[in-house]
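Those protein sequence lines, which keep their order, are chains A and B.
For the first sequence, the positions run 1 to 153 when our numbering is used.
For the second sequence, the positions run 1 to 748 when our numbering is used.
Simulated from the structure, these hints should not be mistaken for laboratory data.
It cannot be assumed that every hint is accurate.
If you only want the chain A side, here are some residues facing chain B, beta carbon under 7 angstroms, derived [what the hints assert, rightly or not]:
1) 52
2) 55
3) 67
4) 71
5) 77
6) 80
7) 108
8) 111
9) 112
10) 119
11) 136
The beta carbon of each residue, even a glycine, is placed where N, CA and C say it ideally should be.
Residues per chain, in single letters:
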Amino acid sequence: MAERRIQLSVAAVALASMLVAGCTTLPQAGGPADPAPRPPDAPRDEPSMRPVSESLLQQSRELRLSGDYAQAAATLERAVRIDPGAAAIWLELARVRYAENNWSQAEQLARKADSLARSDSAVKADALEVISDALRMQGRSQEAEAVLERLQR
Amino acid sequence: MSLLVLLLVTSAAYLLYLNWLITDRFEGRRWDLPARVYARPLELYAGLLIEPYALEQELLRLGYRRVATTPDNPGTFRREGERIEAVTRRFQYWDALQPPLAIDVRFDRQGITSLREAGREIAIGRLDPLLVGSIFPRHGEDRIVVNPEQVPPLLRDALKAVEDRRFDDHAGVDPVAVGRALLANVRAGAFTQGGSTLTQQLVKNYFLDNRQTLWRKFREALMAVILEMHYSKSDLLNAYINEIYMGQDGNRAIHGFGLASQYYFSRPLDELELPQIALLVALVRGPGYYDPVRFPARARDRRALVLDLMQQAELIPEREASLAASGELGVWDRKTAGASYYPAYLQLVREQLMAQYRQEDLTQAGLRIFTALDPLAQASAERRVAEGLSLLDGHDDDVATGLAGAAVVTSTQSGDVLAVVGDRRSGYEGFNRALDARRPVGSLLKPVVYLAALQSGQYTMASRLLDDPISITLDNGDVWEPRNFNDESLGEVTLLQALAESLNRATVRLGLDVGIGTVAALASRLGDGEPLPPYPSLLLGAVDMTPMQVAGLYSTLANGGFHTPLRAVRSVIDADGAPLERYPIVVAQVADTAAVYQLNEALLQVMKRGTGRSAVLPDGLTVAGKSGTSDEFRDSWFAGFSGDRVAVVWVGHDDNRPMGLSGASGALRIWAPLMADTAAVSYSTPLPEGLESRWVNYYTGAEVRESCPDAVELGLPRGMDLPRDPNCGPRMRDIGKRTLEWLNDVFN
């Protein structure tokens, strides 16, 4: 999935370079696979997660799959304190609430994950899916559809 | 004869009464356990930014004992340069019982590089949390109840050797000891010695009465005998160990050896060694008179006597006794250790718990309460408020002496309240300004006006508006003419400049345009939901809030428009360690993420160009903030956030007198060092969907090149038309790049 997106973006860049080439010199058109080139030191990228958060995240996934939602959530909150801006942790917290049938918190937490995720990340796509599902469970099908449209864009 | 019968019946009735009284007290007291309140546990992991020195301090604060060889007992540690080894204590958390961990922590200049447990690399490990206080009943008795197995046998033996040599043999009173005391008193011509057994002392302690009348002594003796008839020696000794008065800490009376051990040594009772055991036994005779902090010489002498008696009773060899007698008292300094009593924070804990628990549950049921209190942040906040206020006190002898202040520090995203300061004196138990002082917030509310404008879709931070004189006719017919701070109007300005420089007239214009009701409703949603009156003066912050409420509002901005209730308590477990309650993170989106993103960019400019520019912060730490000043300089505020911390500081007079300080000249001088101490992560958020980065002129909002003077990078709605700066406009090449990005976006 991610690879497909990158190929598409390379294609887009190539196409764009043909379109714009007439009026301006392009910097490195079609070069790196990053769809939205930005200086490497720009502070706007999703903060990378520390190994410890990865480990807590993995632990909480296992707890959720074994049905221990309270422990899963407690473990995720430890991770939140270490990596407060990591979208993947908030997404997993949304999944725990979803598993508990707490649709409104699932929706809100997934919205939070969405807001913290980088635009091209897998976490963002997953967050949109959880938002859409949680909306549907709350009987808000139209809003759910709208979110899915965002996902397909 | 009938008189004799009457006497017998009366005596029997009296004995029955005493029997009821003392057994009731004895049984009932077993359950009177104040809730224990713990600070956050320190989580250790590779990548944690902490110096070896700071971890060492944390261990000392927790009462860990330094050893010379590899530590092998819980509560011990060794530091060798950039390596710390420790054995943690067994601890029951809300989510798990953590057995002792033998950890090996390595550091480099950044912080922890590796964490190993029993030779294996582990991802994370918790240190047992600091016990910071308890919720004790109004009468002030606080205690930690210990089981017999938690009591060092040496303590039991020492108590007997010093206080009651024949404890194992007598029936509650000790005629030999009484006789000896009587003789000594007659010789001295005064009451110098008591012959009370431990049981008698226990009875006396139950009824807390120091009058030494003969009748009272007799009654005590009777009750002691009754107690001995009902209960075993070991039950009695354990009750004594948990009951006896051991010191005073403000309003709080320290009872029992369990709490005394924590209070004097920050260590559980079962980790105490000979010198500490001897000191605690020495205190029994007069915790005030032998107070090791106030009267160290007396305490040492008394400890030496105790050690001597222990040696005579052949409990310890002479060499150990003299070694222990010559050592330091080793009482920890609660103040400098940053582990003093935190009444301001505890008030917040109580308020949060009162919603769910009855007062009795908190003071009697032995609950264990896990809070978010960060002792390091709390110590820093206390120090910064105290130092800052002393500094500000000096700025104007007439109006600014005796200033009051308050501070709140919270964690972004999780809503954890890390520190609460309600007074310049730490440990002060009176008026808690952080929670209870409702004061006009002034310009702290301006960001809400701008957020409402951004959310309306009619404005961006690059939009222009007029900053010129404005007059508003109020409902009561009065005319309101807001003025700017320096009484000048700047004419046409960008929203960015208007907010960064806190221009009143421009803000009022903007607020009237988006609607006062809209602004009031948004402010209420961002904060704790309390409705705000929709008067025009609201636009300039003529609304009263507490520092804690302001922290709530700014925390929603720091969290990108997601409201998370601030919380002091994370979880509660019962006396047996069973989980009772957890207060999970709850989020609700109350503002548009893209709008909050744009607003926060302006709050970053406050620190670079606006009212916060005088702040001295560590290089590379990016923070957002806003000053607030109320009419006639009665309140000085500063609020803001980094990537990991939200902090709010208020300075003013309790009686509302003017003090001549603005937010920037007052509260900011406390806020900046507090932020420097507690924040480690710069504010940064990914650019929201629908926005793109553009460079604009700070004053005109026209598009410029990055290298132009006064160029500011802003996130603006994609594809938005911007006037080009005639002198320093963007090159075609940049426009081409944007078109490229736009196309890329379309195809994705």
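**OP:** Could you tell me which of the numbered hints above are not met by this structure, giving the numbers in increasing order?
**Re:** The structure breaks hints 3, 11; every other hint is satisfied.
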